[in-house]
Amino acid sequence: MERYLTRWLDIPDLRRIEVYEAHGGYAALRKALFEMTPEQIINEVKNSNLRGRGGAAFPTGVKWSFIPKDSKKPVYVCCNADESEPGTFANRYELENDPHAIIEGILIACRAVGAHTCFVYMRGEFFTQKEIFETALAEARARGYVGADVMGSGFGVEITVHRGAGAYICGEETGLLESLEGKRAYPRNRPPFPAIQGAFGCPTVVNNIETLSNVSHIIARGAEWYKTMGPATSPGNKLFCLSGHVNRPGLYELPMGFPLKDLIYEVGGGILDGRALKAVIPGGSSFPVFTAEEAIKVNMDFDSVRAAGSLMGTAGVMVMHDGTCMVDVLRTVAHFYHHESCGQCTPCREGTGWIEKLLIELEAGRGRIEDLQTLLSVATNMEGNTICVLADSLSMPVKSFLPKFRSEFEDHVRLGRCPFKESGAALSAVDGRAHAAATPPKPAIAHAD
Amino acid sequence: MPKLTIDDTPVEIPDGLNLIEAARLCGIEIPHYCYHPALSVVGNCRMCLVEVEKAPKLQIACNTRVTEGMVVRTTSDRTHAAQRAVLEFLLANHPIDCPVCDQAGECKLQDYYMDYDRQPSRFELARKNHKGKAIDIGGGLMLDQERCILCARCTRFFDEVTQTSELAIFGRGDHNLIDTYPGRKVDNPYALNTVDICPVGALTEKDFRFRMRVWYLHRTESVCGGCERGCAIDIHHHRGRIYRFKPRHNPKVNGYWMCDAGRHSFPALQSESRLVAPLRQADDRMAALGWDAALAEAAAKIFEYGRAYGANAIGAVVGARATNEEAWAMKRLMAAIGSDRIAGLTWSPADAPGDDNLLVRANRNPNTRGLAALGIESAALGRLGEAAARGEMKMLIAMRADLARALGEAEFVRQFGPLDYLVVLDTDANETGQMANLVLPIAAYPEIDGSFTNFKGRVQRLNAAFDPPGEARSAIEVIAALASHLEDGAAQKTAAMLAIPSSASEIFARMAAAEPAFSGLTLDALGAHGTALNLAGE
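Chains as they are written, first to last, in my numbering: chain A, 1 to 449; chain B, 1001 to 1538.
Be aware that one or more of the hints could be misleading.
Stated by the list, open to error - Just a few of them, taken from the derived set where beta-carbon distance is under 8 Å, the chain A residues facing chain B:
{"hint": "1", "residue": "182"}
{"hint": "2", "residue": "184"}
{"hint": "3", "residue": "189"}
{"hint": "4", "residue": "193"}
{"hint": "5", "residue": "339"}
{"hint": "6", "residue": "341"}
{"hint": "7", "residue": "343"}
{"hint": "8", "residue": "345"}
{"hint": "9", "residue": "349"}
{"hint": "10", "residue": "350"}
{"hint": "11", "residue": "351"}
{"hint": "12", "residue": "352"}
{"hint": "13", "residue": "374"}
{"hint": "14", "residue": "381"}
{"hint": "15", "residue": "386"}
As the list claims (entries may be wrong) - Simulated restraints on C-beta separations:
{"hint": "16", "chain 1": "A", "residue 1": "370", "chain 2": "B", "residue 2": "1171", "range": "50 to 58 Å"}
{"hint": "17", "chain 1": "A", "residue 1": "306", "chain 2": "B", "residue 2": "1216", "range": "53 to 61 Å"}
{"hint": "18", "chain 1": "A", "residue 1": "291", "chain 2": "B", "residue 2": "1077", "range": "27 to 35 Å"}
{"hint": "19", "chain 1": "A", "residue 1": "47", "chain 2": "B", "residue 2": "1003", "range": "56 to 64 Å"}
{"hint": "20", "chain 1": "A", "residue 1": "69", "chain 2": "B", "residue 2": "1220", "range": "56 to 64 Å"}
{"hint": "21", "chain 1": "A", "residue 1": "124", "chain 2": "B", "residue 2": "1241", "range": "56 to 64 Å"}
{"hint": "22", "chain 1": "A", "residue 1": "160", "chain 2": "B", "residue 2": "1220", "range": "52 to 60 Å"}
{"hint": "23", "chain 1": "B", "residue 1": "1164", "chain 2": "A", "residue 2": "384", "range": "31 to 39 Å"}
{"hint": "24", "chain 1": "A", "residue 1": "306", "chain 2": "B", "residue 2": "1038", "range": "37 to 45 Å"}
{"hint": "25", "chain 1": "A", "residue 1": "224", "chain 2": "B", "residue 2": "1164", "range": "54 to 62 Å"}
{"hint": "26", "chain 1": "B", "residue 1": "1015", "chain 2": "A", "residue 2": "200", "range": "22 to 30 Å"}
{"hint": "27", "chain 1": "A", "residue 1": "200", "chain 2": "B", "residue 2": "1038", "range": "48 to 56 Å"}
{"hint": "28", "chain 1": "B", "residue 1": "1124", "chain 2": "A", "residue 2": "166", "range": "54 to 62 Å"}
Just so you know, the hints here were simulated from the structure itself, not pulled from any lab data.
For glycine and all other residues, C-beta sits at the position ideal for the given N, C-alpha and C.
I would like the entire structure built from these sequences, with the hints used as guidance.
In structure tokens, the structure reads:
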């Protein structure tokens, strides 16, 4: 298996432009500028079946093709570097280790859709990453890859880093655009879609970092090469963020369709402390949980995970062993989405807090059996009824945790305490900031092969 | 026009309308909080979720436009479930302070709860988030953050209508709250419109709070007399007292809004200085007398000066606060007498704000344009004053015209001091009245039927909300009564001319027949939005 997204592991200092160039960097841009028309670039990306890595899995080439060809307004590309899905940490390593691949992807995307400006919307906490990315940007600008006349082609692109102030919703496509425009990051109603009316009222493409990182490789080596990896409907490699109760948590580049079982037991070195697998959230905290039985049958690509009843999202794989209190996990998840709900839509604003409050009580052993029905009902009432999917990001976990681990919830009610904690420990967990189910990852350890 | 089906009924709806407006045309109410037709669509309250066939999710009616073949269900089980869910969510952290909330009676949360929900909340009181209560945020506004449902109507009003952006949403999730920016207060001549558009009791008006339960208030359609804009208003009153003015939607005049100054103009209409009986100057004191005696004396003076000095010894000044009907009745009276000395008075206080880009007009007279259309020119006032100063004019009838204040006392005395006899028809004991021989108390504009013509030439209807105080009478009744007193001694032709009706609609009909600018109009046909003056005929 070839690793192209994490080749920084084999090529020291890939973040430096001379190293990047020495290993074929910016050749794809040259090709896109001098050998391909914008339409050919879009078609190549369409043919590759590259699907967006930000979570929604929308085909990238198709997204680009929605940009009006004869737009009288400027067209913008926005690079979504606001990674903040719990369990997900791929973008930060890409920014740190291979920033030129992102810049090259941005430039190719701009060429494809006719954009002359790209805004890189970056999570404010990515301080180191921002420094590295901006250094790379300065190198690229000095080399003539970024600026008024990219590589003497006459095509000009400016790239601007815009740092967010730290809100999960700023990573949502339209919340990002609002924030970029200097407003409160309330997601926008659609239509109009960003392709027609995006940043500053102009046609805009918003792509995730990982998506753009794939682009330069697709253009350099062709769609057919790309499709040799992974299943036909979602080809390519994927960066898997493996966290939780595994022996080797970390960032792993693997082909789409890689079995989740192998990711956990072979790549991840198995369950921590030799314990049994209990559950896996496959796509970042906002998606339905798999039981151990479900997890070991799933292949990790967009369609397979969906068919199995969850979503692959950003592939933030969170593994939980049999000592995990699922009520506590769900409470932690609820705390996050309650905290990060922008509060724009009624069901999300009120529902996320309601769910967290119920779960705090349940985890502390103060819940009632009817609370379980209330939880399900509140989650159902939130789902699909809001402008963005943040409400769904909590309702989906609730609606999967409850039926799949119902006995644990009932045990909390019956015992009047958390059965997974030592006596008295349950009380300490009610502050709403108790440990996350997914332990923070150790430094990236990409799988060697 | 797209053909669609709403609740099993095929309808044709003008293109571009959203489903709330489309349903409204069909007599169907889709409940909503954040949607307001004069503000941008934010779609955040989710109360207007409806089922649209072929759409996988429920759609918000405010942001969904009609399309050909669309099938919409506003009363399906899914729609009802969503409505109940949204109400339960809204009430989750809402303080149940309904018994002490001054929005009771016009709270959409209460109304919709009764219409669409009626379920007990599963959210426990002890779990509610608490936020600020009764915060004075300036602009006459009182903010209760706990009651706010974050519909963002107020923030959008300040962002989009006044473009002053005094309010914003702070915080996240269910800790969101509306507030001013640190160290700043609302300072805005239109701030109180946010009270009207706030669907719950979050923004209330300090001056109205706890003054009157709204279900006791009667509503009468009228026109604000605060300036020449003439905003359409509803007068909210109870037992002959006005408690508030509310803007009434008129797309041709004021849209949905009115200025705070106009809104607060009503206390002046029911002040302590209101005149409640005719008064006559006797021994340097004003003494009350009966209407018959007062009118008989005024009529006698008209005869007396007319006979002695000719008809032009009698003049009239009509303030541009008079209605079209009042102005026309006075014009008619003067014509019947045979005097051509009639002038309008347009006067605004020096400290009145100038024109702004929204509604406020520097000209504080609501019927300047109406008087002009009737040929009662302000420019003629100077000629009248000089005639009086020269002693050529002996008697003046001043209706809603506080000349002493408008001209200044010295100039008033210079011009009109030589008059032998001054009759004042007005609502309040003003400076001019204090110098009058006879003061006749008349009704303020909320107390009469009639019309104003705004500065753009739109004639709008006033309706009497209640009777004038004491013995005060409508000005047209006074003029008609005065004319009938004159009839007794007048020649046959003049007597016929002196027959002035005392009802506003009859006067309007006569006015429309006589005045080209009003031709073709009737008072009853003005409608809720008024009608444009017949400018071709003017």
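Against the structure, the hints come out as follows:
With 8 Å as the threshold, the beta carbon of residue 182 of chain A stays out of range of chain B, its nearest partner Cβ sitting at about 12 Å, so the hint is violated. Restraint check, residue 184 of chain A versus chain B: the minimum CB separation of about 7 Å is within 8 Å; hint holds. A least Cβ separation of about 5 Å between residue 189 of chain A and chain B falls short of the 8 Å threshold, and the interface hint therefore holds. Hint on residue 193 of chain A is violated. Least Cβ distance to chain B is approximately 13 Å, over the 8 Å limit.
Nearest Cβ of chain B to the Cβ of residue 339 of chain A: about 7 Å, under the 8 Å cut. The hint holds. Interface restraint check for residue 341 of chain A: the shortest CB-CB distance to chain B comes to about 4 Å, inside 8 Å, so the restraint holds. Taking 8 Å as the C-beta contact cut-off toward chain B, the hint placing residue 343 of chain A at the interface holds, the least distance being around 4 Å. At a threshold of 8 Å, the smallest CB-CB gap from residue 345 of chain A to chain B is about 5 Å, leaving the interface hint in force.
The interface hint given for residue 349 of chain A is met, as the beta carbon of that residue sits about 5 Å from the closest beta carbon of chain B, less than 8 Å. A hinted interface residue such as residue 350 of chain A counts as satisfied when its beta carbon comes closer than 8 Å to some beta carbon of chain B; here the least separation is about 4 Å, so the hint holds. A least Cβ separation of about 6 Å between residue 351 of chain A and chain B falls short of the 8 Å threshold, and the interface hint therefore holds. Below 8 Å, beta-carbon pairs count as interface contacts, and residue 352 of chain A has one with chain B at about 6 Å; its hint therefore holds.
A least Cβ separation of about 5 Å between residue 374 of chain A and chain B falls short of the 8 Å threshold, and the interface hint therefore holds. About 4 Å separates the beta-carbon of residue 381 of chain A from the nearest beta-carbon of chain B, less than 8 Å, and the hint is met. Against a cut-off of 8 Å between C-beta atoms, the interface hint on residue 386 of chain A holds, since the closest Cβ of chain B lies about 7 Å away. Between residue 370 of chain A and residue 1171 of chain B the CB atoms are about 30 Å apart, so this pair departs from the stated range of 50 to 58 Å.
With their beta carbons about 60 Å apart, residue 306 of chain A and residue 1216 of chain B fall inside the hinted range of 53 to 61 Å. The hint said 27 to 35 Å for the Cβ distance between residue 291 of chain A and residue 1077 of chain B, and at roughly 32 Å that hint holds. At about 41 Å, the CB distance of residue 47 of chain A to residue 1003 of chain B disagrees with the hint of 56 to 64 Å. Hint check: residue 69 of chain A to residue 1220 of chain B, Cβ distance near 59 Å, so the stated range 56 to 64 Å holds.
Judged by the Cβ atoms, the range 56 to 64 Å given for residue 124 of chain A and residue 1241 of chain B holds: they are separated by roughly 57 Å. The beta-carbon spacing between residue 160 of chain A and residue 1220 of chain B, approximately 58 Å, falls within the hinted interval of 52 to 60 Å. Checked against the hint of 31 to 39 Å, the pair residue 1164 of chain B and residue 384 of chain A passes, with Cβ atoms roughly 37 Å apart. In this structure the supplied range 37 to 45 Å holds for residue 306 of chain A paired with residue 1038 of chain B, their Cβ-Cβ distance being about 43 Å.
Take residue 224 of chain A and residue 1164 of chain B: their Cβ atoms lie about 59 Å apart, and the range 54 to 62 Å holds. Roughly 28 Å separates the CB atoms of residue 1015 of chain B and residue 200 of chain A, a value that falls within the hinted 22 to 30 Å. Checked against the hint of 48 to 56 Å, the pair residue 200 of chain A and residue 1038 of chain B fails, with Cβ atoms roughly 25 Å apart. Remark: the range hint 54 to 62 Å for residue 1124 of chain B to residue 166 of chain A is contradicted by a beta-carbon distance near 32 Å.
Of the hints listed earlier, those the structure fails to meet are numbers 1, 4, 16, 19, 27, 28, in rising order.
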